[in-house]
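Visitor: Model the full structure from these sequences, guided by the hints.
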Amino acid sequence: MFSLKKIALVTAAAAMLGSGPVLAQPDLPAQLDEARQEGSIWTAFALNKHLSPFKIDVDVEQGTAILKGKVENEVDRELAERIALDTKGIEKVDNQLEIDPAVASDP
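Going left to right, the sequence shown walks through residues -24 to -1, 1 to 83 as mature numbering (1 follows the signal peptide of the UniProt record, and there is no 0) numbers them.
Hints are all accurate, no fakes.
In silico DSBU-like links for lysine-lysine, alpha-carbon gap of 35 Å or less:
id	residue 1	residue 2
1	LYS64	LYS31
2	LYS46	LYS31
3	LYS64	LYS44
4	LYS68	LYS31
5	LYS31	LYS44
6	LYS68	LYS46
7	LYS25	LYS68
8	LYS25	LYS64
9	LYS25	LYS44
10	LYS68	LYS44
11	LYS46	LYS64
12	LYS25	LYS46
I should point out that these hints are in silico values taken from the structure, not numbers from a laboratory.
Guide: Take a look at the structure:
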């Protein structure tokens, strides 16, 4: 039968071994911030009735949001850029969205 002390020791050792790769990544806080920012932008696009019909790819690198995909018109393109720029921590937007009026009729 295992003693409580042995179980605690094994659990502590497993926790330390399991956290090794995480502790070895010095950029983890920055990666988490970028993932949060990407998620915030995607959520804002999904909740916006003008942008939700379009497939817009969002990537964040060092405070810059990179937008790729197609939107129906210049107004939608500028709206996507404004929403991304209004996201906390985003300092710049690389707006690579293309205008294609045909995407409005795509399913």
